[in-house]
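Respectively, the protein sequence lines represent chains A and B. Heads up: the first sequence is residues 1 to 617, going by the working numbering. Heads up: the second sequence is residues 618 to 773, going by the working numbering.
If you're looking for bench data, these hints aren't it; they were derived computationally from the structure. The reader is advised that the hints may include incorrect statements.
Stated by the list, open to error - Listed next, with one range per pair, are the computed distances between beta-carbon atoms: (1) B:761 <-> A:250: 48 to 58 Å; (2) A:585 <-> B:727: 47 to 57 Å; (3) A:6 <-> B:762: 32 to 42 Å; (4) B:621 <-> A:600: 46 to 56 Å; (5) B:772 <-> A:12: 32 to 42 Å; (6) A:407 <-> B:762: 30 to 40 Å; (7) A:276 <-> B:762: 41 to 51 Å; (8) B:635 <-> A:181: 51 to 61 Å.
Unchecked claim - Sample of chain A residues facing chain B (criterion: CB under 10 Å; computed from the structure): (9) 314; (10) 383; (11) 415; (12) 418; (13) 435; (14) 436; (15) 454.
We put the beta carbon where it would ideally sit given N, CA and C, even for glycine.
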Amino acid sequence: MNRLQTPSELENLRKSLEAGRDSSRTCITVCMGTGCSASGAAEVTKSFREEIERQGLGEQIGIRTTGCHGFCERGPLVVVHPEGIFYQKVSREDVAEIVSRTAVQGEILDRLLYTDPASGKKIIREKEVPFYRKQTRLLFGNNGRINPTSIEDYIALGGYSSLGRALFKMKPREVIDEIKKSGLRGRGGGGFPTGRKWDSCRKAEGELKYVICNADEGDPGAFQDRSLLEGNPHSVIEGMIIGGYAVGAEEGYVYVRDEYPLAVKHIEIAIRQAAEYGLLGDNILGSGYSLAIKVNRGGGAFVCGESSALMASIEGRLGEPRFKHAHATEKGLWDRPTTLNNVKTWATVGIIISMGAREYAKIGTEKSKGTMIFSLVGKINNTGLVEVPMGITLRELIFDIGGGIPDGKRFKAVQTGGPSGGCIPDTMLDLPVDYDSLKEAGSMMGSGSFIIMDEDTCMVDVAKYFLSFTIEESCGKCTPCREGAGHMLRILDTITRGEAEEKDLELLEEIGKMMKVTSLCALGKDAPNPILSTLRYFRDEYTAHITQKRCPAGVCRALIEYSIDGDACTGCGACVQACPESAISGKAKEPHVIDGKKCIKCGLCLDACAFDAVKVS
Amino acid sequence: MMNADLIKEVDRIVDLYGGRITGSIGMLQDIQSRYSYLPREALIHVAERLDVPLSQVFSLATFYKAFSLRPRGKHLIVVCMGTACHVRGATRLVDEIGRKLDIKPGETTEDNLFTLEAVNCLGACALGPLMVIDGEYYGNMAPKKVESVLGKYSES
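For reference, chain A alone in the conformation it holds in the complex:
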């Protein structure tokens, strides 16, 4: 493979690769993101290869594995091009028929199509599925079109041409101005204006500067960074090189969670391929600018997503946050000027350079420009990743795109921003989603995870869950976070056991406010958010636990009891089999009873019963 020496060589390569991608040729793409892979996409791919071989169709039909399409709930996903016929929940048994009937004869297999639950209609093309229709897939659009381990696929679709333009047609100053004009704000959650960050790093004194990609995506419920790294790693690298050129960096690091093995693999392959083509390393595209990028794997510590802790970790030290007397843009990694951005931020850079800041800034709201990738998870029909313009309402996100709540249950709240965010109630469904309105509502954008909760979710239990998470992940360096969170958890614990008093709620608020002001880093400062926001919007539920000793959602074990409805019970004995404590007894074909003294409230009988006879009160 020849190193590319000039931007025109890159453009020639692109043209020849594009010509090689015959768009009229039949091609079957299989999503190989983590979601689809776990649902059996690898087996499906293997079967396709074998079947195409078996039918001797290797010349006519191509097969391509792609990154995540986002609609993980319906995986494995298969698209037959050029028609774009979209099949979901495909299994090995469907493969032969897809090849012989759809790929060869153009026939559509009804049973594999997606059915719109609202209209009951079968939908043929991916982009017509309601889940996709309201999306603006700037970052994610190519995930389904390229093989993430092939740089040629990326280049064929115009990849690295933004880099060429930045290096040869723009001065570093102009790149920064363009990013400033686009209004791009940090997609890791903080929302700091990216252009301003770059500017101060550029101006900082120092021979050696660094760019870092923060891919330590630790927020439970967030997997957008993983999907981008797995599905389109070159877009992240291209952004980092452009950013490195703008701020004057010579070295770059991608700090990625070790829990994401596929993302690690794909980013490493991408870095190697880019270097082979001369798009990374010394004298990139003959421009005279050089940048080397290395990959660092995390060690399973959530706090390392915090920028100063992350840098400490790259240095080989404990991932403890530092007090920021100087910005990382001046004194970051090894005390040298450093620009650290999130995966999504870096991936957006190339898009802005290619479409222009003015066009980009037309998307979104006044203060939050562009698109954001959200994860929709929890009690929602269409679990997955969606990319939408900033300013979309919660209602559109959850009901129009997410398809609402399963099993006809009622929507109760959405938790945004991970353990640092808050819960937003149903009365605020028309809230536009952007950095500032979420903050006003007592939550935050964070990494963009949206956890949907229905009527069966206990908000005190949720608050306790997040706080337990924070305590486990707190590094323990500063007292407010270490002790404050522990004390709050003890109070929440007494509430869920029905042993708290009403004045404890005030104490919770007092400690929470103290932590917000005095903690060292954002982990401690934002840790009280889940509690403070649920106290704000769901105070009744806290009160019910305290005064009536009742958990309205039927979750908190100390406050609930299991019983069997004698009328519904058929005496089949399934619950007796399931009970680990032998707490259920009864004669065959007669109603059974639960011994409350032996019952540990594990809920296994509830799962086992086919007649809905086990009740929680």
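Following the hints, put chain B in place on chain A, whose structure we already have.
Structure of chain B alone, referenced to chain A:
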């Protein structure tokens, strides 16, 4: 395991990272994936090679959750406790696995067959509740499916 072999292997891994403290977390990861935990002798040798106090290497090995100082069982069960899995009943899942194997998260069964770990989020939220055994994903897990899944590993 011969001690000399271990020293040789640790040397190889340390060299891979240029023998500098910067690469220490990567070194520990590689050692752990080779031996399934961080053997005491390996930590001592890493400290010697990097010319830092053993306490410094030990602090890294205990701060970062991915590391284990005890040998792990033949099969590693990882249960996702992320929010999406939590609201879909991950606690009941991990309870049931713990009951069946008579261990708590972080522990290994007496016969050394299974180690159970509860982790924060595996980022496959559409599949929740989710457990992963030796890299194999089991999505939409219900407590009642636990016995049959574990059975597949008990025989081997």
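Hint-by-hint comparison with the structure:
Checked against the hint of 48 to 58 Å, the pair residue 761 of chain B and residue 250 of chain A passes, with Cβ atoms roughly 57 Å apart. The hinted range of 47 to 57 Å is not satisfied by residue 585 of chain A and residue 727 of chain B, whose Cβ atoms lie roughly 32 Å apart. Under the hint 32 to 42 Å, the C-beta atoms of residue 6 of chain A and residue 762 of chain B, about 58 Å apart, miss the expected range. With their beta carbons about 51 Å apart, residue 621 of chain B and residue 600 of chain A fall inside the hinted range of 46 to 56 Å.
The hint said 32 to 42 Å for the Cβ distance between residue 772 of chain B and residue 12 of chain A, and at roughly 58 Å that hint is violated. Under the hint 30 to 40 Å, the C-beta atoms of residue 407 of chain A and residue 762 of chain B, about 20 Å apart, miss the expected range. Separated by about 46 Å at the C-beta atoms, residue 276 of chain A and residue 762 of chain B satisfy the suggested range of 41 to 51 Å. Evaluation of the 51 to 61 Å hint for residue 635 of chain B and residue 181 of chain A yields a failure: the beta carbon distance comes to about 41 Å.
The restraint placing residue 314 of chain A at the interface with chain B holds, with a minimum CB-CB distance near 7 Å, inside the 10 Å limit. Interface hint status for residue 383 of chain A: upheld, as the beta-carbon distance to the closest one in chain B is roughly 4 Å, under 10 Å. At a threshold of 10 Å, the smallest CB-CB gap from residue 415 of chain A to chain B is about 7 Å, leaving the interface hint in force. Because the smallest distance between the Cβ of residue 418 of chain A and any Cβ of chain B comes to about 8 Å, under 10 Å, the interface hint for this residue holds.
Because the closest C-beta pair between residue 435 of chain A and chain B is about 21 Å apart, greater than 10 Å, the hint is violated. Against a cut-off of 10 Å between C-beta atoms, the interface hint on residue 436 of chain A is violated, since the closest Cβ of chain B lies about 24 Å away. Given hint, residue 454 of chain A at the interface with chain B, holds; its Cβ is 8 Å from that chain's nearest Cβ, closer than 10 Å.
Of the numbered hints listed earlier, those contradicted by the structure are 2, 3, 5, 6, 8, 13, 14.
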